[in-house]
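*Asks:* Heads up: the sequence lines are chains A and B, in that order.
Heads up: the first sequence begins at 843 in the working numbering, then just goes up one per residue.
Heads up: the second sequence begins at 7 in the working numbering, then just goes up one per residue.
None of these hints come from the bench; they were simulated from the model.
For glycine and all other residues, C-beta sits at the position ideal for the given N, C-alpha and C.
Each hint should be verified, as a subset may be incorrect.
As the list claims (entries may be wrong) - Facing chain B, according to a computed beta carbon distance under 8 Å, are these residues of chain A, among others:
no.: 1; residue: Asn-1166
no.: 2; residue: Leu-1169
no.: 3; residue: Tyr-1175
no.: 4; residue: Pro-1177
no.: 5; residue: Gly-1184
no.: 6; residue: Ile-1186
no.: 7; residue: Gly-1187
no.: 8; residue: Ser-1188
no.: 9; residue: Phe-1189
no.: 10; residue: Leu-1197
no.: 11; residue: Asp-1198
no.: 12; residue: Ser-1206
no.: 13; residue: Gln-1210
no.: 14; residue: Leu-1211
no.: 15; residue: Leu-1284
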Amino acid sequence: MSLELKGVTKKFGTLIANDSIDLSVANGEILAILGENGAGKSTLMNIVYGLQEADSGKILIDGNEVVINSPADALKHGIGMVHQHFMLVPVFTVAENIVLGHEVSKRGKLTLDQAKVRIKEIADEFKFEIDPDALIENLPVGIQQRIEIIRALMYDAKVLILDEPTAVLTPQETDELLAIMRSLKSKGTSIIFITHKLREVKAVADRITVIRRGKVVGTTGPTATQEELATLMVGHNVVLTPTKSDQRLGQKVLEVRNLTVFDSSGRKLLNNLSLDINAGEILAIAGVQGNGQSELARALINLEEHVTGSIKLNSVEILGRSVNDALQAGIAYVPESRELDGLIGSFSIAENLILDTHDLAPTSKLGQLDRKRIEENARKLIKEFDVRTQSIFDNVSSLSGGNKQKVVLARELSRSVQLVIVSQPTRGLDVGSIEFVHERLLQERNAGKAVLLISSELDEVIGLSDRIAVLYRGEILDIVENNTTREKLGLMMAGVK
Amino acid sequence: MKNAIIKFRKVALLPFLAFNFAFLIGGIIIALTDAEVMAKIKSPGEFILAFLAKIGNSFLAIFQGSIYDVNLARGESFFKGFYPIAETAVSATPLILAGLSVTLAFRAGLFNIGAQGQFIMGAIAASYIGFSFELSPVIHVLLALLAGILASGIYGGLVGFLKAKTGAHEVIVTIMLNYVASFFILWILKTKTFLRPDSINPIAPEVNQSAKLPQFLGSDLRIHLGLLIALLVAAAIWWLLNVSTIGFKFRAVGANASAAKTAGISTGQVTFLTMFICGSLAGLGGAVHVLGVNHALTADIGGSYGFDAITVALLGRATVGGTIFAAFLFGALQTGGLSLLSNTGTPVEIVQVIQALIVLFIATPTLIKFIFRIKKEVSESSLAAKGWNG
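Chain A on its own, in the form it takes in the complex (with noise of 0.2 Å):
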């Protein structure tokens, strides 16, 4: 089945989400759309799926004009979708999930095992292991998208779209999910892959679309290079890898012994974990998602609640202190999510820059805030960081995702910190932010700052690091040099020492 789309525009008030977009997919085919965060690729695809209407603009099924209103619309013609946040319930089994929405009942009751066997049949097809009364909550992520896959697949979907499927896999997952993308291709589906990840374009689309503003900046075959994609994608020239200057190694700032954590039930999230990081160095963090790189971060200032072990900064213990005083010994620290624990999204720019700050001289006098100096302060670190807002009185959540981020920089760069935590630092940024915020990070080992960078991003901690630490299942496997090769990290990160 071949899909296409002509002249599709969107418009949200002023914004023109799609101006004027054509593009078409084949039989058999993967088309790939690239374009950065909010470019419009998300709006297109919704509109394609009956989530959103478009205000002009044709699809067309095998060349035929169709309607599509509703998602049961674009079901019927054989369209499926696997959103970026998934649309599962939890506490419901996979075979419950799968046919939510088209349950078959027996005299008023539910049977499932009809679906139970076609979904082991798709499963066996593409050789998962799924188990169809496993509940949901129980499965790891990756695991939870093949879900989405099966019950798209279930419905005879003969084009799927994937909007943004590896912003939450782990690398293994993702070569996974590109395998299984091969393979349904192998057997006739048609793919939409939405996603800014150059690498993964690369690796697996057989046309590549290029989306900026709105518009279709460009089509290419799989051959162009990544500085290239970056270039068409962004609209002027980008630097992938940033330039790191010489190190000069200054003393150490964190010692880390035998750390370890455990979770309410007693289980070892971090297992007996050491390390050191001295003043000029960026130490990352490499390892597949959940082998214990957020509890490592949060047991260092504190946040976990049943940690042994010990953690020097500066030679002080910090361990069993409150938060606030691991953080007002030194420590700047970026969380991993910033909507949910860097952010109040409810709350000003302003009063989101004096968050871990705002009970301490200049910012408040005699318990009460200084509003004159938490604007001065707002409007030179807005500056400075070149946070691009209206007004600092506009609530942060009205900020894009990489603005949020400068924002949590702002704030922790700007206290004054021997030891840097970054965790996921560009998760979900816009190529413009990622820039911004390797050269910031950079800058603050320069400065003499000892960095930790957690990331799940290869490139990222090749590109950064002076060190890198794999963590897997909770232990430092090993730390080896910056020089390490891609595949042995890989390797590693796998458990393989």
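Assemble chain B onto chain A, guided by the hints.
*Replies:* Only chain B this time, still in chain A's reference frame:
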């Protein structure tokens, strides 16, 4: 200035419409449940006249009972007519304090359903100090109020402590503590200490003259010092929420506890402190009520002040100014309801129907927006729903 108007409209429009719409529906119910009006159903002309007259008379009665009554002024001074509005203020006083208790909790991300119990505890403590001691007036009043604040502060603080230490949900705990308080007052009024010596009814001795809150507009009007206390406390709470660093912590925890924690704010401390202050506020309401109006503790001293406080806070959209305004509206409804009964024979319960309708319409912003065809721009964040995410 223009921004201020836009902001005000954004916050106040929805409660305003909800309030008016509730009155409209209330009026229709009054007319449709009236036997005389319904008797005329066969002749449409007369029916409509009677229908409208009934609604008009009812609302006039509420107005006369709560704001200004020409009949009272007739033959006497113009000011005598203001007696009803003074009564409204008397009813509003405890509602302001209890309403602030719920408002403050909302802002810190907590749902304090326990204002009723805290109100009762405050009233018990203030009454005890009031009748047990002979002191000089200023000191006696201060001591009695302080006792009310502390007793209910501890009662509320207990909820915060349990939540911080064990994760017990404040909604469940406060509901339970409301029962505890309403049975505790029944029991304590039977003890030797509290039961009035010459009485068989459960009523405590009247507080000594020195502990009574003075009526500062003369003895004709029951309006008492408690109103000024309530307004001063409201100003203090406004300062706490919007200017102080503690209030910043409260709001941060209320808006995103996880981010607040990551920024080094102790959510446990904030939860405890919030519930302590919330308890104190409701308890001060109880203390002021017993020292200013009733003067003697009875089993039904709490009335439904603590529950109305939730509506007041919701109608006031969890802002200090809004809460004061809503407390006065509710005070007016209460006093107006009484004259509704005496002047038009309409059951006073209709006031509760109107109150319930207000809550319903505020809780369903989509419905109001649909009815009045309002487009976006009006904020509809439902504060009440947040409490359950704990």
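*Asks:* With chain B as the partner, please determine if A/Leu-1169 meets the hint condition of a C-beta pair closer than 8 Å.
*Replies:* Since chain B brings a Cβ to about 5 Å from A/Leu-1169, closer than 8 Å, the hint holds.
*Asks:* When the nearest CB of chain B is found for A/Gly-1184, is that gap smaller than 8 Å?
*Replies:* With a minimum Cβ separation of about 6 Å from chain B (threshold 8 Å), the hint on A/Gly-1184 holds.
*Asks:* Identify whether the interface hint at A/Ile-1186 stands, where standing means a beta carbon of chain B within less than 8 Å of its own.
*Replies:* Holds: closest Cβ of chain B sits about 4 Å from A/Ile-1186, inside 8 Å.
*Asks:* For the hint on A/Leu-1197, does the least C-beta distance to chain B fall short of 8 Å?
*Replies:* Given a least distance of 4 Å, the restraint on A/Leu-1197 holds.
*Asks:* Would you settle whether the hint for A/Leu-1211 is holds or violated, based on the nearest Cβ-Cβ distance to chain B being less than 8 Å?
*Replies:* holds (6 Å)
*Asks:* Given A/Leu-1284 was flagged as interface, is its beta-carbon under 8 Å from a beta-carbon of chain B?
*Replies:* For A/Leu-1284, the interface hint is violated, since the closest Cβ of chain B sits about 25 Å away, which is over 8 Å.
*Asks:* With a cut-off of 8 Å, does the beta carbon of A/Pro-1177 approach a beta carbon of chain B closely enough for the hint to hold?
*Replies:* It holds, given that the least Cβ distance between A/Pro-1177 and chain B is near 6 Å, below 8 Å.
*Asks:* Taking 8 Å as the limit, does the beta-carbon of A/Asn-1166 come near enough to a beta-carbon in chain B?
*Replies:* holds (3 Å)
*Asks:* Can you verify the interface hint for A/Asp-1198: is its Cβ closer than 8 Å to any Cβ in chain B?
*Replies:* Given a least distance of 4 Å, the restraint on A/Asp-1198 holds.
*Asks:* Checking hints one by one. Is A/Tyr-1175 an interface residue toward chain B, by the C-beta closer than 8 Å rule?
*Replies:* holds (7 Å)
*Asks:* Would you check whether A/Gly-1187 satisfies its interface hint, that is, whether its CB is within less than 8 Å of any CB in chain B?
*Replies:* holds (7 Å)
*Asks:* Does A/Gln-1210 pass the interface hint, meaning its C-beta sits closer than 8 Å to a C-beta of chain B?
*Replies:* With Cβ-Cβ at 6 Å, under 8 Å, it holds.
Violated hint: 15 only; the structure is consistent with all others.
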